[in-house]
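Going down the list, the protein sequences come from chains A and B.
Going by the numbering used here, the first sequence opens with residue 3, and the numbers climb by one from there.
Going by the numbering used here, the second sequence opens with residue 23, and the numbers climb by one from there.
There may be inaccurate statements among the hints.
Output of the computed footprint for chain A on chain B, the stretches with three or more beta carbons under 8 Å from beta carbons of chain A [to be verified]:
#1 114-125
#2 128-141
#3 172-183
Source of the hints: derived by calculation from the structure; they are not laboratory data.
By construction, the Cβ of each residue, glycine as well, lies at the ideal position given by its N, Cα and C atoms.
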Amino acid sequence: MDDQEKKIKEEKNIPTSEATEKKSKEISRRNALKAFVGIPVGGLFGFELARKINYDKNRRSRIVQELGLDKMEFSIPDYGKDEARDIIRIGIIGFGRRAEQLAAGLGFMHPDEVERRTNNNTIKSWLEQENLNVAITGICDVFDLHAKRGLEIANNNLRSGASKLPVKRYPTYQDMLADKDIDAVIISTPDHHHGFMAIEATKAGKHVYLEKSVAHTEEELNELYHVVKNSQITFQLGHQITQSTVFKQAKEIINKNVLGKITLIETTSNRNTSEGAWIRHLDANGNPKPGDEKSIDWMQWLGNTPYVPFSVDRFYNWTKWFAYDTGLIGQLFTHEFDAVNQLLRIGIPKSVSSSGGIYYWKDNREMPDSLHCVFEYPDKDLTLLYSGNLASSRSRGRVFMGHDASMELGNNIKITVDRNSTQYKQGIASGLIDTSEPMLSFNPGAGQIDAVTSASERYYADRGLTNTIIGGRQVDVTHLHLREWLNCIRENKTPSAHIDVAYEEGIACIMAHRSYLEKRQVFWDEVNRKIV
Amino acid sequence: MRSNRRPKKCFTMRRIQYRKSQLIFLLTLRFAIGWHVLYEGISKVINPQWTSADFLHESRGILAGFSEWILSNPNLLATVDLLNAWGLVLIGLALIFGFLFRPAAIIGSILIFIYYLSVPPLVGYEYTLPSDGSNLIINRTLIEAIALFGLALFPTNRIFGLDYFIPSLFKRKT
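With the rest of the complex left out, here is chain B:
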C-alpha cells in the first residue's frame, strides 16, 4: 500500500484508515469476541453453583502456585469468582458497544492469556478436564487472546462505538 495512493472509499479511525472490507472484518471479529466473552461472563453470573475452583485445581505450569494460593483461601476464591464473572461481562459489553474499547480489549486479552497460562497445552501436561480439540502449545484460548490484543491495535471504536462521544464530552467540559 503506497501512502500517496488512497483506496476509493476509506474510513478514518482517528488517523488510521481502513478499507471497507478491512473494517467489516475488524467489526466482525470485535463482535464475535465480545459476544463470546459476554456470554462466558453471564453464564457464570447466572449460575449460583459456578466457581473457578475446578478450573484452578487443574492449573499446571507457572501459574499453578498462584492458583493453589487462591484455592487455599475461601474468601479470596469468592472474590476471584466475583471479579472474574463480572469482569468478563463488562469486557464483553465494552467490546460490543465500543465503550472504553482499548482498555477493555487490552485487559480482556491479558485475562484470556492468564486462562491460557493456567492450563497451557504444553508437552507433558495432562489435564483431567476434557480439552476442546487437539492442541499442542497453541489452543483456541491463546488465539482468542492474540486476536483480542490485535483489536486493541486496530481500533474501530472511535467511529463505530460509544467511545465516539468521549472526546467531544471532554471538549465540552474543558
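Looking at chain A on its own, in the form it has when it is part of the complex:
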C-alpha cells in the first residue's frame, strides 16, 4: 500500500513526455470498448429491477385481489370550495384546552399561538383549512382567565373570513342561551355539565356540538335524547375519528368482509403520565396553575354536584372524582366505543361487567386507574372488551378479531390473516399469504393501499397523526367534524355522531360505570329501555 502510494506521488511529479501522452490518450477501438464495461452491469441491474418491480406489483395486486380490495381512496369532493354562506354565530361554553382546539378547527387561533406555529413551521395546514363561514360571538367560562383568552381567540378571525362581529362574554350559560344572536353552541365544559347544558341549549333552539361524554346520569341522558329527538336542531357529539380517511378505509374493509365473522373486539387505553392520570393543576415547570375563588365562579362550576369548598385540585383535576366524571370510561373508552359503534353499529350491550381499582395513583382520587370492562352482545355474537391502564404506556392497540383476519385500527390499519382462516385457505396454502405478519397496511398519509410493506414501514404503522389527508392536503379531523356539523345545520341533515349513536354510547358508558361502582354485572332492559 505504502509503495503504491509513493509510486503514485512519484509519478504525479514526473512530467510525462508528449509522445507517451499522445499514445495513451489515443482512442483505440479496444480501449473504447473497455470504457463501456459499465454497460453489461447496468443492463443486468435494469433487468433485475424490472423483475423486482413486476414481482412486487403482481404480489400486491394478487393479495389485494385475494382480499377482495381494490384501491380505496376517500375524498370529500366539495372540500375547500370556500363558498360564501350565511355566517353561523357560535357561542362556546367552557373555554379550556379542548375549546382552543375547537376554535382552531373553526378558524380562530390566539395571536400568540399563530406566532408560535409560524415560527416552527406548523401553521401551513391550518392556514389552508376551509373557511367555515362562522363567527365565535359568545364566550362563557367560569374562570376569568379562560374567558379572557377565549375573547382574544374569538377576536382573531384570521381564517374565518367573516366580517368581524362583536364578541361577548356571558356570565352564565343561561344568559348565552337566552340571547337570540347566538345560533349554535359548542359545549366543552367538564363532563358533569354536559347533559343539562345540552338539554337547555336544545330547548332554547340552539344547535349543539357536545364534547364527550354525553351525560353523567341515565335520567339526564334519557331527557337529552327525547328533547333532541323532538327538536329541529342539529346535534353532533364530539368524536372526530369518523372523519379520518383511515376510518373510512376500515369501514370498507369490514363491509367487504375481509375479516370474516367478528366475534371479539379488544380496545385499550394505555397511559403512564401524571397528566394522563388527570393530575393537571401544575404547569410545565411544576408551578401551580392560576386560579382562586376571586377569578373562578365556584358555585357555577359545581353546577348540580354536591357542595364542596373551593379547591384548585378539583377545578383542574376534576376527572379524579365520581361527582364530575366517569374517568377512563368517560374520557377514553368513549372514543373506543364510538370507533367500534360507527364501524359496526353494535348499539347498546346486553350486559356489562367492569372491575378494576386504584392501583398506582394513590392520591385523593375516587376514580380507578386500572379498569376493565366486558360488553356482551349475544344477538350479534360479539364481545367488546375494554382495558384501560394509567400506569403503563405499553401500546395494546384496538383490534377487531375475525375468523379470517384481524384488523388493528389505530392511526393506521394493519390486517393480519388468520392461519386457520377458511376464506384464505388457498392463498395461505399457496404461500401467497403470510400469516406471521401483517399482510396489508393502510397508510392514511398516502390514502392508498400499500400491500407489501417494508420492515420499517410496518414498524411505524402504529405511530400516527391527528390529521388526515384529503386530496393531498393535511387536514385536522376536528375541523372536519365541525364542518360536517355546520353543513348539516345549513342543509338540515343528520351528522355522523347524531343523537342515536350518542345515546347508545351514553348508555354503554353509564352501564360500565355502574357495574364498577356496584361491583356486579349490569343489564340493559330493552323493553323498558332502562339499565337494571
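Since the structure of chain A is already known, use the hints to place chain B on it.
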C-alpha cells in the same frame, strides 16, 4: 513491490498501475457499491410514500439537531427527500458507468458517512428501528463509506469507464 520490477501484465490507470487481480477486485467493489447505491435511490424514487422523516426522527448524536431542523420545515424535508433519492440514483449510475467517477465516489462516500453519523451505533444510543446485525461503533454503513472513498483513491474509471472519453473530448475542443 519494487519500482524497477514490473509484474507480467499490468493496466495503467492514468499513471497508476494495477495487476489484473487488483483491477478485478476494484471493479467488483465499484460495481457492488454502485449497484447498492443505485437501488437504494431507485427504490426511493419509485415509492411515492417514501420519506426520510422516519430516518431523521431516529437521529442521535452530532447530527440530531440538524435532522430536527429539516423535520421542522416541510418544504425543506421535501427538498431533502428529492435530492437524496435522485442523488443516490445519479451516484449509483456514475459508479457503475465510471462517468465523473471521482467526484461521484467522493460525494457518495460523504453522503453515506452522513447516514452513518445520523444514527451511529455508539454506546448508549438506542434506536427504535431494528438494526442490521450487531454493531459497536462500526457498522456496514461506515464500512461502505470507507470503501467508496477508497475507490476514489484507486480509480478505475480512466480506462474502464466513460471518463475515458473526457480528456479526449477536452483535447479536441481546445
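Going down the list of hints, with the structure as the test:
no.	hint	result
1	114-125	holds (count 5)
2	128-141	violated (count 0)
3	172-183	holds (count 3)
Violated hint: 2 only; the structure is consistent with all others.
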